[in-house]
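Listed below, chain by chain, are the residues.
There are 2 protein chains.
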Amino acid sequence: MTMHVFDQAISLDTVAPGQFVGRTHPAYANMIGPFGGITAATLVQAIMQHPQRLGEPLSLTVNYAGALGDGPFELQVTPVRTNRSTQHWTLSVLQNDADGAPVVTTTATAVTAARRETWGVSDTPMPPVPAPAEVARQLLFAQVEWVKRYEMRLITGAVPQVWDGGGDSSLSRLWLRDDEPRALDFCSLTSMCDVFFPRVWLRRAAQVPAGTVSITVYFHAGSAELAATGTGYLLAQARAQEFRNGFFDQTAQLWNEAGVMLATSHQVVYFKE
Amino acid sequence: MTMHVFDQAISLDTVAPGQFVGRTHPAYANMIGPFGGITAATLVQAIMQHPQRLGEPLSLTVNYAGALGDGPFELQVTPVRTNRSTQHWTLSVLQNDADGAPVVTTTATAVTAARRETWGVSDTPMPPVPAPAEVARQLLFAQVEWVKRYEMRLITGAVPQVWDGGGDSSLSRLWLRDDEPRALDFCSLTSMCDVFFPRVWLRRAAQVPAGTVSITVYFHAGSAELAATGTGYLLAQARAQEFRNGFFDQTAQLWNEAGVMLATSHQVVYFKE
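Chains B and P supply the protein sequences, listed in that same order.
Convert by adding 105 to the 1-based position in the first sequence; the result is the number in our numbering.
Convert by adding 105 to the 1-based position in the second sequence; the result is the number in our numbering.
Calculated from the structure, these hints are not laboratory results.
Errors might be hidden in some of the hints.
Treat identical chains as interchangeable: a pair holds within one or across any two.
To be verified - Straight-line distance between alpha carbons at most 20 Å, and here's what the computed SDA-like set of lysine to any residue pairs gives: (1) 253 with 135; (2) 377 with 315; (3) 377 with 228.
Produce the complete structure using the sequences and hints provided.
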C-alpha cells in the first residue's frame, strides 16, 4: 500500500527528542518554496509525534520568516510549559544557508489541550450553500503544484478571469478535500486553513505578488469530530478585513458537511504595491 | 510631571541586549495576576526598545502559559531573523517559582515591518454607531482593577444584569480610551485589543470562570496614523465564532473615530463548563 502523498510530505525522522528532520516534497511546491499550509501541517505533525504531548491541538501560530529551499530541513519542538489541561509549545524550522550555517526559516507557537464536554453553541453558523455534488470542480490557479493536491469546488469568489482592477469583494467559499481523499486529521485540517489564494487578487482584480507572513489556527474540533468528518468535504470560507500599506489580513472558517465548525483561522499577508 | 500609569505599568529595565526586567503593577491587576492586555503591551514595549528593531509592529501572538504572580518578571526578546523589510521575533516572560527556579509564564512571537504606501481598501468598514458623547460612560465588571484604567462607553453587548442562561448574541461594541487620556501608541493599542469581557458571559448569560489562552493582534496602522488618533476614542468590537468543549474564539476590530481600521485581533479563551 502506498502512503498518501500528504503523509509523505509531512513525514519526519526523529533525530533526538524534540528534534526532527523533514524534507520538502515536490507535490506541495508553491511558486517559491513549499505551500505554507504543508509547512504548518508538518509543525503539527511534530507536536503529534512528540512523546510528551498532552491533549490535542487548540491553537497554532506559524510565522514564515523566510522561504524554505527544496531539500531537507530541521524542525525543533519544545513543550515549554505543561499545565493540568493545557501545554504550551515553541517550534522552529531551520535550514542551512549557502555557507552551511543553520538559519531560521519559520517560527511557531502552539497550545495543546485536554478537551472535556461542556455547553457549546455556534455564533457563526455555516452559510446556506449548494451541496458539493451541485458545484463544479475547478482547478484554481493551475500555475502551482500544490493546488492539484486538493479537490476544490468553488461556490463564490473565483480567481478573476480579467485583471482589470475591478474587484468588489474579498469573500470566497468552496467545498474542499484532499485529492486523493484522505481521512481528516489535525495535520490536514491545518493545511486546509491556508488554501485560499491571496485576497488581494480577488478584491482588487490584480495579480500582484503576495505571501503569508503569519497564520493562526484555532481548532474547535477534537479527534472524534475529525474522524466523523472522514473523507467528506469541508466548506472553507475566507475574507479579508483590511488592505493597507503592503499587508492585508484574512479571516477564515472551515465547517464539515454536517455544519460542524472545525477550525477558524486568521492570517496577515504581504502584498506588493 | 508624573508618568502615565500605563507607562509605569509597561516600563522595563534593560539587563542585557534583549533581556529586560519588568514588574506587575497593581493598577492593572486582574482577578488572578495582571490583565492580559498589559502583559501583551509590555512585550511590544520590549520590541520597541530593542536596539536592533526594524520597522513597526505588524503582528503579535501572545500565549498565556501560566498566571504571573505579583512582582518582578524577566522578559527575553530575540530578533531571530531580519529580512529586507520584515523582522521576526520570539519572546518569553519568566518568573521564579517558589523554589527560585525560572518558569515560563508567557510565550510570544511577533513580526515588525517597514511599511510603504500602497493601494488599500477596507473590507470591514466601521459600523454606523452613535458618537462617543452620545453614549453613557459605564464601569463594566467593577470587580477587577484594570477596568478602571479605561473609559468605556458601551453601545451594545453589556455584561448581563441577570445570569439566567438567556444570552442570544456575543457581539459587543464600545467606545474606548485610556483614563486618564494618553496618546495612542502600539503598546496601548495592543492592550486595548484585550479589553473585552469573556464572550461566554454575554452569549450564555452565565458568569463562568474564563481566561485567554492565546491572542493575536494584526496592526493595520503605522505610527503616523496612531499619532493622528492621539487621545481620541477607538471603536472596539468583538464577537465570538464558536463555543465548544471548554474553549471559544473571539474576533475583534478597532477603528479610530475617523473610521480608520487600526488593528484586528483574535483570541482563544478557556471557559469552565
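Hints breached by this structure
none
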